[in-house]
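Chains as they are written, first to last, in my numbering: chain A, 2 to 521; chain B, 2 to 521.
Errors might be hidden in some of the hints.
Each pair may be met inside one copy or between any two copies, as identical chains are not told apart.
Quick list of in silico lysine-lysine cross-link-like pairs, DSBU-like style, CA-CA up to 30 Å [as the list claims (entries may be wrong)]: (1) K145 x K308; (2) K414 x K208; (3) K499 x K7; (4) K318 x K119; (5) K499 x K414; (6) K256 x K499.
Simulated from the structure, these hints should not be mistaken for lab results.
All values reported here derive from a predicted model rather than from experimental measurement.
Protein chains: 2
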Amino acid sequence: MSELVKNAAGRVVPTEINGRPGVPYMGVAAYRPTGNKLAPPIRSCADYPLDGNKVVGSLREALERCELKDGAVISTHHHFRNGDLVANPLWDTLADMGLKDLMWAPSAAFACHAPLIKYLDNGVMHHIEGSMNGPLGEYCSAGKMRGLGVLRSHGGRYQAIQDGELPIDVAVIAAPTADPLGNANGVRGPSACGPLGFALADSLYAKRVIVVTDNLEPFPCIPWQIQGQNVDYVVKLDKVGDPAQIVSGTTQVTKSPDRQLIAEMAARFVAETGIMRNGFSFQAGAGGITLSFALYLKELMKKAGVKARFIRGGSNKYLVDMLREGFTDFILDGQTFDLDGVRSMHEDPRRHIDTSPFTSYNYHGKGNFASMIDVVMLGATEVDVNFNANVVTHSDGALQHGIGGWQNCLFSKCTILAVPSFRDRIPVLVDKVTTLCGPGELIDVVATERGIAINPRRTDLIEAARNCSVPIKPIEQLKAEVDRLTGGPPEPVALGDKIVAAIKWVDGTVIDSVRQSRFP
Amino acid sequence: MSELVKNAAGRVVPTEINGRPGVPYMGVAAYRPTGNKLAPPIRSCADYPLDGNKVVGSLREALERCELKDGAVISTHHHFRNGDLVANPLWDTLADMGLKDLMWAPSAAFACHAPLIKYLDNGVMHHIEGSMNGPLGEYCSAGKMRGLGVLRSHGGRYQAIQDGELPIDVAVIAAPTADPLGNANGVRGPSACGPLGFALADSLYAKRVIVVTDNLEPFPCIPWQIQGQNVDYVVKLDKVGDPAQIVSGTTQVTKSPDRQLIAEMAARFVAETGIMRNGFSFQAGAGGITLSFALYLKELMKKAGVKARFIRGGSNKYLVDMLREGFTDFILDGQTFDLDGVRSMHEDPRRHIDTSPFTSYNYHGKGNFASMIDVVMLGATEVDVNFNANVVTHSDGALQHGIGGWQNCLFSKCTILAVPSFRDRIPVLVDKVTTLCGPGELIDVVATERGIAINPRRTDLIEAARNCSVPIKPIEQLKAEVDRLTGGPPEPVALGDKIVAAIKWVDGTVIDSVRQSRFP
Numbered sequence: 002m003s004e005l006v007k008n009a010a011g012r013v014v015p016t017e018i019n020g021r022p023g024v025p026y027m028g029v030a031a032y033r034p035t036g037n038k039l040a041p042p043i044r045s046c047a048d049y050p051l052d053g054n055k056v057v058g059s060l061r062e063a064l065e066r067c068e069l070k071d072g073a074v075i076s077t078h079h080h081f082r083n084g085d086l087v088a089n090p091l092w093d094t095l096a097d098m099g100l101k102d103l104m105w106a107p108s109a110a111f112a113c114h115a116p117l118i119k120y121l122d123n124g125v126m127h128h129i130e131g132s133m134n135g136p137l138g139e140y141c142s143a144g145k146m147r148g149l150g151v152l153r154s155h156g157g158r159y160q161a162i163q164d165g166e167l168p169i170d171v172a173v174i175a176a177p178t179a180d181p182l183g184n185a186n187g188v189r190g191p192s193a194c195g196p197l198g199f200a201l202a203d204s205l206y207a208k209r210v211i212v213v214t215d216n217l218e219p220f221p222c223i224p225w226q227i228q229g230q231n232v233d234y235v236v237k238l239d240k241v242g243d244p245a246q247i248v249s250g251t252t253q254v255t256k257s258p259d260r261q262l263i264a265e266m267a268a269r270f271v272a273e274t275g276i277m278r279n280g281f282s283f284q285a286g287a288g289g290i291t292l293s294f295a296l297y298l299k300e301l302m303k304k305a306g307v308k309a310r311f312i313r314g315g316s317n318k319y320l321v322d323m324l325r326e327g328f329t330d331f332i333l334d335g336q337t338f339d340l341d342g343v344r345s346m347h348e349d350p351r352r353h354i355d356t357s358p359f360t361s362y363n364y365h366g367k368g369n370f371a372s373m374i375d376v377v378m379l380g381a382t383e384v385d386v387n388f389n390a391n392v393v394t395h396s397d398g399a400l401q402h403g404i405g406g407w408q409n410c411l412f413s414k415c416t417i418l419a420v421p422s423f424r425d426r427i428p429v430l431v432d433k434v435t436t437l438c439g440p441g442e443l444i445d446v447v448a449t450e451r452g453i454a455i456n457p458r459r460t461d462l463i464e465a466a467r468n469c470s471v472p473i474k475p476i477e478q479l480k481a482e483v484d485r486l487t488g489g490p491p492e493p494v495a496l497g498d499k500i501v502a503a504i505k506w507v508d509g510t511v512i513d514s515v516r517q518s519r520f521p
Numbered sequence: 002m003s004e005l006v007k008n009a010a011g012r013v014v015p016t017e018i019n020g021r022p023g024v025p026y027m028g029v030a031a032y033r034p035t036g037n038k039l040a041p042p043i044r045s046c047a048d049y050p051l052d053g054n055k056v057v058g059s060l061r062e063a064l065e066r067c068e069l070k071d072g073a074v075i076s077t078h079h080h081f082r083n084g085d086l087v088a089n090p091l092w093d094t095l096a097d098m099g100l101k102d103l104m105w106a107p108s109a110a111f112a113c114h115a116p117l118i119k120y121l122d123n124g125v126m127h128h129i130e131g132s133m134n135g136p137l138g139e140y141c142s143a144g145k146m147r148g149l150g151v152l153r154s155h156g157g158r159y160q161a162i163q164d165g166e167l168p169i170d171v172a173v174i175a176a177p178t179a180d181p182l183g184n185a186n187g188v189r190g191p192s193a194c195g196p197l198g199f200a201l202a203d204s205l206y207a208k209r210v211i212v213v214t215d216n217l218e219p220f221p222c223i224p225w226q227i228q229g230q231n232v233d234y235v236v237k238l239d240k241v242g243d244p245a246q247i248v249s250g251t252t253q254v255t256k257s258p259d260r261q262l263i264a265e266m267a268a269r270f271v272a273e274t275g276i277m278r279n280g281f282s283f284q285a286g287a288g289g290i291t292l293s294f295a296l297y298l299k300e301l302m303k304k305a306g307v308k309a310r311f312i313r314g315g316s317n318k319y320l321v322d323m324l325r326e327g328f329t330d331f332i333l334d335g336q337t338f339d340l341d342g343v344r345s346m347h348e349d350p351r352r353h354i355d356t357s358p359f360t361s362y363n364y365h366g367k368g369n370f371a372s373m374i375d376v377v378m379l380g381a382t383e384v385d386v387n388f389n390a391n392v393v394t395h396s397d398g399a400l401q402h403g404i405g406g407w408q409n410c411l412f413s414k415c416t417i418l419a420v421p422s423f424r425d426r427i428p429v430l431v432d433k434v435t436t437l438c439g440p441g442e443l444i445d446v447v448a449t450e451r452g453i454a455i456n457p458r459r460t461d462l463i464e465a466a467r468n469c470s471v472p473i474k475p476i477e478q479l480k481a482e483v484d485r486l487t488g489g490p491p492e493p494v495a496l497g498d499k500i501v502a503a504i505k506w507v508d509g510t511v512i513d514s515v516r517q518s519r520f521p
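Given these sequences and hints, build the entire structure.
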């Protein structure tokens with residue numbers, strides 16, 4: 002077991018993670034990287050077909066040509082979400098090939114990947130570095146995985162791959178449309194999912210890249226979100242994704258009166274503090290409250306005659322409507338949350354801008370979009386009185402969610418966490434979050450159904466909100482109200498000693514760790 | 002002076018080039034690179050403005066922040082061609098700053114850069130690695146430059162930057178439109194020039210990147226041909242390019258009857274050998290014969306009811322017409338040769354595909370477009386009886402032209418060199434080319450006004466051309482006809498001993514060298 006130290010946030014973290022050094026978190030912007038980006042091997046066209054046809058007969062043939070060894074790192078992306086049909090047969094093939102101790106580096110794993118637990122059990126898969134939603138998170142939480150789970154934000158995953166912290170041997174990129182050279186996109190085909198940005202770093206930095214598609218079209222496949230010049234092999238499968246499951250489950254506007262109230266108050270707050278003004282920008286992706294927020298904000302924009310410069314998606318029906326109706330010049334799409342979004346991206350390529358974790362989130366670049374956005378609406382599983390927040394574990398300590406772009410988005414000019422003040426009688430506002438994912442100094446506003454709390458550090462926002470029509474309260478007061486309702490703060494959960502996962506900050510440092518839970 | 006050796010093409014080349022090792026050419030596809038791509042330093046958003054505003058007051062301020070040292074490498078691109086208004090003031094500034102022995106790595110230099118000769122004379126600029134058209138080529142040819150000139154193809158320049166052979170300290174990227182983050186494109190603005198692909202490698206691999214624009218617009222500037230996440234500083238100037246000079250001078254269809262005949266015969270050859278068929282592709286950029294070829298081919302396509310899958314530009318009026326009239330699905334734009342091309346690229350973004358030397362030409366990638374094209378039309382200054390060709394020197398040995406994409410295009414399925422058999426009474430068909438730029442085994446056809454010669458290696462083409470209506474002759478016969486007309490082969494030119502420039506092959510090896518000429 003590696004040494005444990007307390008980091009700058011007071012959290013106990015391991016100094017070694019899966020055999021590589023872990024740098025303890027130093028503060029939001031305190032760590033300065035040294036050294037150089039990962040340098041992939043130089044290839045030569047002399048080793049690739051001159052006619053550009055890289056199609057091979059099967060996924061197994063492609064994998065065999067990659068000359069994989071035990072212990073290799075295999076990556077996939079999660080643009081198909083719970084409708085992914087590639088990762089499971091990929092791992093069946095790797096198992097058939099007799100490989101052992103492989104690491105899986107998905108951008109995220111979903112419930113549909115539960116069958117892969119057998120490969121963690123039997124030694125084919127050593128451990129997972131990537132967001133683990135559902136059963137794989139539970140498996141990790143229960144302390145059954147041989148290596149540490151490593152959770153990174155979307156931007157942090159790009160940073161880790163770019164910086165060589167997560168070196169990938171073979172990237173398997175499932176693509177709704179591709180050509181024989183390996184150019185690929187997600188905007189067309191029976192498994193259309195929108196962008197393929199989560200696979201960008203993999204395509205640039207992995208030693209070998211395999212594109213897998215069910216919709217092979219003649220060169221040139223455009224837009225080439227993945228460029229064929231980075232691809233080694235192309236494989237045609239019958240079906241790479243289940244369209245019914247690709248669409249996120251979180252694209253329904255909330256019907257809960259409490260959550261509608263949160264959304265409405267947040268929208269009024271944004272309008273009345275002057276954040277909503279001509280040329281402003283906001284992020285509103287999936288999630289019932291967020292969608293509702295976008296609808297309320299749209300009404301307020303209409304009343305005030307305000308137009309946004311851009312909206313950060315995931316695109317969905319509601320944002321696409323705003324684009325069509327002239328409420329914004331552009332949508333910047335990181336992913337796409339419903340089929341209206343996918344369709345609009347295909348039909349309106351000049352106003353839908355395809356983004357990636359490199360352009361949007363990578364903290365080890367020369368700036369990114371996340372910090373330029375005027376206001377973002379995010380969720381959390383817990384928020385504490387110092388505005389620190391948690392998105393990966395529940396109050397029982399069990400790992401249940403990935404970080405997504407959440408940490409990256411905290412850099413916006415105004416970050417609003419929209420949360421119900423309690424869930425199932427368990428307070429969301431707590432004294433100390435179970436797992437620290439986002440430092441309080443980056444979280445500006447907490448919006449609950451009982452009112453809005455502004456981070457005391459943001460004296461400018463407090464001033465701007467002086468005549469705001471929504472109830473503004475100190476976070477301690479909100480918490481006290483919740484505690485009264487729920488019967489006081491919850492009992493601390495008993496967790497095991499064993500560290501099962503590390504939570505990375507956007508710069509690759511370790512902001513917290515997750516201990517074994519009694520779950521399930 | 003470094004050691005000289007004979008390479009696999011029998012050409013004498015230096016084994017050391019400007020202090021770095023030179024690998025002698027080994028054959029078209031014989032050299033296999035080892036090692037890894039250049040790894041640029043890891044940066045952090047902590048060192049860039051969170052609001053995305055990287056605009057600084059002046060080019061000098063930007064350069065000073067780059068902390069340049071004597072001997073540094075400065076790069077620029079040539080999308081403005083002879084209308085570039087940035088390189089000259091850039092070098093005035095570098096001189097003012099007191100810097101010495103800098104290397105200039107332009108993608109190409111033009112006559113408008115003649116004023117920079119003074120900096121070669123006075124020590125500010127040590128030497129140039131990049132295509133030298135006109136006066137700078139003459140200067141190099143005359144043996145006056147301190148370092149060796151290094152001429153690379155467009156793809157070879159990308160390869161050299163990617164592989165670390167041409168490490169750039171500061172890239173100065175002139176952009177017709179940009180935003181404060183550094184996102185930039187060439188499709189809009191008073192200096193619109195089309196793509197910015199020649200600056201792509203610079204933006205990815207240079208240690209520091211400065212974007213200079215005369216058309217700063219609010220974020221997001223799309224398309225982002227250059228991505229702001231790779232850019233350090235943005236500078237606003239009054240004018241970055243002279244639109245009248247941006248357009249190439251070689252976009253007039255030839256009026257010479259001899260050259261029209263070459264174009265017509267080449268088009269008939271392509272049609273009658275079956276290369277022209279539904280879904281085929283061809284490259285036809287600038288140059289009077291090439292444009293004329295495109296027009297003849299269009300007529301033949303019309304008659305035969307044939308549609309191309311894609312045309313490789315330089316877009317120009319004639320290709321844009323073909324796109325509009327349905328003769329092709331796509332134009333793949335590497336650069337843009339006239340304002341019709343620029344306009345169409347802006348107005349029809351789904352059928353104009355923006356390419357770069359990475360996608361089109363880089364030989365050290367996993368394939369590229371050049372080898373996938375059915376037929377390309379190229380020029381040459383000399384072709385010999387073994388189909389070897391020269392594009393950089395004239396028969397007097399003087400360095401006059403850059404390689405451009407010429408070497409890269411030789412990999413097409415059928416490469417046609419369209420050349421008059423003599424120019425100014427000097428034969429173009431010779432026994433041995435003055436400078437070897439392209440090995441004969443890649444050159445399939447030589448088309449002259451006196452007939453067409455097919456490379457004997459291409460028995461398939463010879464067979465396909467059996468019933469061709471154009472005169473097909475052995476190249477020796479063509480040469481004999483020309484020699485009779487011009488009074489025999491020209492006297493060998495007396496050249497100096499001093500090597501003034503190295504010609505790189507697409508894989509970074511040295512295919513030939515250029516000796517000092519008596520020019521001017």
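A quick look at each hint next to the structure:
no., hint, in the structure
1, K145 x K308, "neither (51 Å within a copy, 60 Å between copies)"
2, K414 x K208, "between (37 Å within a copy, 29 Å between copies)"
3, K499 x K7, "within (16 Å within a copy, 66 Å between copies)"
4, K318 x K119, "neither (38 Å within a copy, 61 Å between copies)"
5, K499 x K414, "neither (37 Å within a copy, 61 Å between copies)"
6, K256 x K499, "neither (40 Å within a copy, 82 Å between copies)"
Of the numbered hints stated above, those contradicted by the structure are hints 1, 4, 5 and 6, listed in ascending order.
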